[in-house]
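Let chain A serve as the given structure and place chain B on it in line with the hints.
2 protein chains.
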Amino acid sequence: MKIAIYGYGNLGKGVEHAVLNAPDMEMVGVFTRREPSAVKTIKSKVFSADRILEFKNDIDVLIICGGSATDLPKMTPTLAEHFNVIDSFDTHAKIPEHFDAVDEVCLKNNKVALISCGWDPGMFSLARVYSEAILPNGKDYTFWGRGVSQGHSDAIRRIKGVVDARQYTVPIESALQSVRNGEMPEFTARQKHLRECYVVAEEGADLKAIEQEIVTMPNYFADYDTTVNFISLEELKEKHMGIPHGGKVIRTGTTANGENKHVIEYSLKLDSNPEFTASVLVAYARAVNKMYYKKDYGCKTVLDVAPADLSLRSGKNLRKEML
Amino acid sequence: MKIAIYGYGNLGKGVEHAVLNAPDMEMVGVFTRREPSAVKTIKSKVFSADRILEFKNDIDVLIICGGSATDLPKMTPTLAEHFNVIDSFDTHAKIPEHFDAVDEVCLKNNKVALISCGWDPGMFSLARVYSEAILPNGKDYTFWGRGVSQGHSDAIRRIKGVVDARQYTVPIESALQSVRNGEMPEFTARQKHLRECYVVAEEGADLKAIEQEIVTMPNYFADYDTTVNFISLEELKEKHMGIPHGGKVIRTGTTANGENKHVIEYSLKLDSNPEFTASVLVAYARAVNKMYYKKDYGCKTVLDVAPADLSLRSGKNLRKEML
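Chains A and B supply the protein sequences, listed in that same order. Quick note: the first sequence, position 249, residue 622 per our numbering, numbers continuous. Quick note: the second sequence, position 216, residue 589 per our numbering, numbers continuous.
Okay, chain A solo, but in the shape it has when bound:
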């Protein structure tokens, strides 16, 4: 399968790593809206995004690595006119709208797209759907972290007097335990997650005022217990440059009219959020290619893909070795 990458930030680089590691994939190149000579890849060729249509017949699946806020709602439907595509669109509330836009283009042009791939949406969605189907009498909980939230880190950076910042989302251990015990609790936002901030302030900045502005910030922090730690730029660079993340989907439910309790837990602990997301995208690119050859056109999600289609193994080998 011939793969190309459209957009080259942390996610694009993770995709390049994963594709170079896949024995069934060949890398066509990276397409960028920046000046191509300014983009340093691991070893792939770089082309201007303007030239993508020249490669119309040379790419089996195009992996689009753009942002969900403004890039993907335009890029994915536009590119799906000419390519089989996959993206990691993660604005949960706007998935139906994005799906419909992409589906229409795919059906008109006999292409396959898979949207909202990654771990949430993605692997966590799978965990929710499988668990609900098996334990209909139950309740599921998604916890995130401990991990860096880029959105919350950016929000802190916009405050006057802040040089740089990292925000960690941290699940509350007692809440996790209550869920695992099958107590089926109802939580407020504050009861599920803590927000832990590491902030580098300008010299002479009013630290009390910065802290106050963070902990009272609506939508981002006001509804949570938030701790603010002021640290030096050196310490930030030494201890907080990683992009770890992860989380857990837990469903508890009962069978036999409530007689017996069961707990299903799916958990991820990731040293690099973008590299793991990239690895999921690359596994699903394999499935997109298979659907295309089966003429199963249209927009898909991870929920529409049989697990065997992600694997390098044959059906026979899967049954022998993995079942």
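Just so you know, the hints here were simulated from the structure itself, not pulled from any lab data. No false leads were slipped in.
The list cannot tell twin chains apart, which means a pair is met if one copy fits it or any two copies do.
List time: in silico DSS-like cross-link candidates among lysine-lysine, alpha-carbon distance up to 25 angstroms:
1. Lys429 / Lys447
2. Lys689 / Lys447
3. Lys693 / Lys467
4. Lys634 / Lys416
5. Lys416 / Lys429
6. Lys481 / Lys375
7. Lys481 / Lys429
8. Lys689 / Lys667
The following block gives chain B in isolation, referenced to the frame of chain A:
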């Protein structure tokens, strides 16, 4: 969908519970090789297994609840001639053989079968396949327990002087931790699991001899650290009548040439092993029916089924609420 159950032990009863709880399913009845009047169901009709062909046109999916050792290798191919079927065949080494036998019958008769459904094989197989596809540079580990092993309990019961017994398989915590730390250890059987036995002996039996016979029993106990606790029949009945089980599939792997480490863990904690297995069977019966209407005939496994096909929700609703 019209569902029937073939065989009515603990698993069959669990299936009946789950079907009665499913709003899209109607229970045709239970088919038994015993005298029908001797079988007490929750509320389903009971028929002699001999009469199953009279119901050829009244059953969408037949859920076969027999044992893997001798029942299923005969029952599943025989019944797949006339019905869409699903079973929980769990002798891992013989799955390819069972698959081929069932597949041949299904293709000849335009039927769908799904074999080896449950949690291992089943949900644990899914966890292994998804995780390997996403993290090809890694290693996976399956731990079982803490839970009752029927096979090991039976083996103890066959010893002279033993009245009754329960054997719990227990994962070793330090082994779990080593895996979660990404150390990718190599384990012997003894290093992964303990075997904990609760034994009721006849009055005057030679307890030392019984203990010795258990801990040295080849295949079952000799390769493990085994503890033997002699208890009264009353205590066994009070504390050890449940059939709990569960376990974990953990894969650790790296991305970016080993630079970053990731841990994927899928874990089950089940109060009732047969009721949970039954719940998985019933969810997959929904998928079997869908495949039949798509004329996607042949033998399948959980690896061939898209998660959306297990759900009561529409594709649209899944994308809006669950993705």
